[in-house]
Amino acid sequence: MMNKGKMLFALMMGCAYVLIGIVQTVTGLSKAFSEAYGSVYQEHLIADALFIPADIIAGLILILIGSVFLYGVSEIRAGVREGIAYVYVGIILSLIFGGIYVLAATGELLEAHLLKNEEYTGWTLLDTLRPEIYLGVMSLLTYLKWKDSFEVGGG
573 MMNKGKMLFA
583 LMMGCAYVLI
593 GIVQTVTGLS
603 KAFSEAYGSV
613 YQEHLIADAL
623 FIPADIIAGL
633 ILILIGSVFL
643 YGVSEIRAGV
653 REGIAYVYVG
663 IILSLIFGGI
673 YVLAATGELL
683 EAHLLKNEEY
693 TGWTLLDTLR
703 PEIYLGVMSL
713 LTYLKWKDSF
723 EVGGG
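Numbered according to the numbering used here, the sequence shown spans residues 573 to 727.
These aren't lab readings, by the way, just hints derived from the structure by calculation.
C-beta atoms are modelled at their ideal positions from N, C-alpha and C, and glycine is treated no differently.
One should not assume that every hint holds.
Derived CB-CB ranges, DEER-like [unchecked claim]:
(1) E654 to L698: 32 to 42 angstroms
(2) V709 to L686: 16 to 26 angstroms
(3) L716 to E607: 38 to 48 angstroms
(4) L622 to I664: 15 to 25 angstroms
Throw the hints in and build the complete structure from the sequences for me.
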């Protein structure tokens, strides 16, 4: 059944989004509290390895996108036909936020190489790689594979 593959994809993406969102939110809160109390912020190994910045709002957005995917899984498992729509919405949200951060990275690329801004000396694309981008790429590849199976309306 085609929905089983979509359910598995939604489960993996939902878990990835929620876990990365939690790490991003916790590191963001850790950084905010350390700055508020004048202590030194300690970088986190897991966050650095996965290119996860300390960003509270972006972390909450990732948790929201993951929740959409996971709710779709629960609906599909319950036999609700419309549950697949949550998977599609999760893919769309993933593509939107991934696209936003790709545009931001493109702006920084232009700033560094075209305008030769001194603040960007030694800048590389890895400096702006974020979870929204690589998770968005996974959603894009999945959308390209499944684009013909999207259903509109009842039937």
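Evaluated hints:
1. E654 to L698: 32 to 42 angstroms: 40 angstroms, holds
2. V709 to L686: 16 to 26 angstroms: 24 angstroms, holds
3. L716 to E607: 38 to 48 angstroms: Given a distance of about 42 angstroms, which is inside 38 to 48 angstroms, the answer is holds.
4. L622 to I664: 15 to 25 angstroms: 23 angstroms, holds
When each numbered hint is compared with the structure, no violation occurs for any of them.
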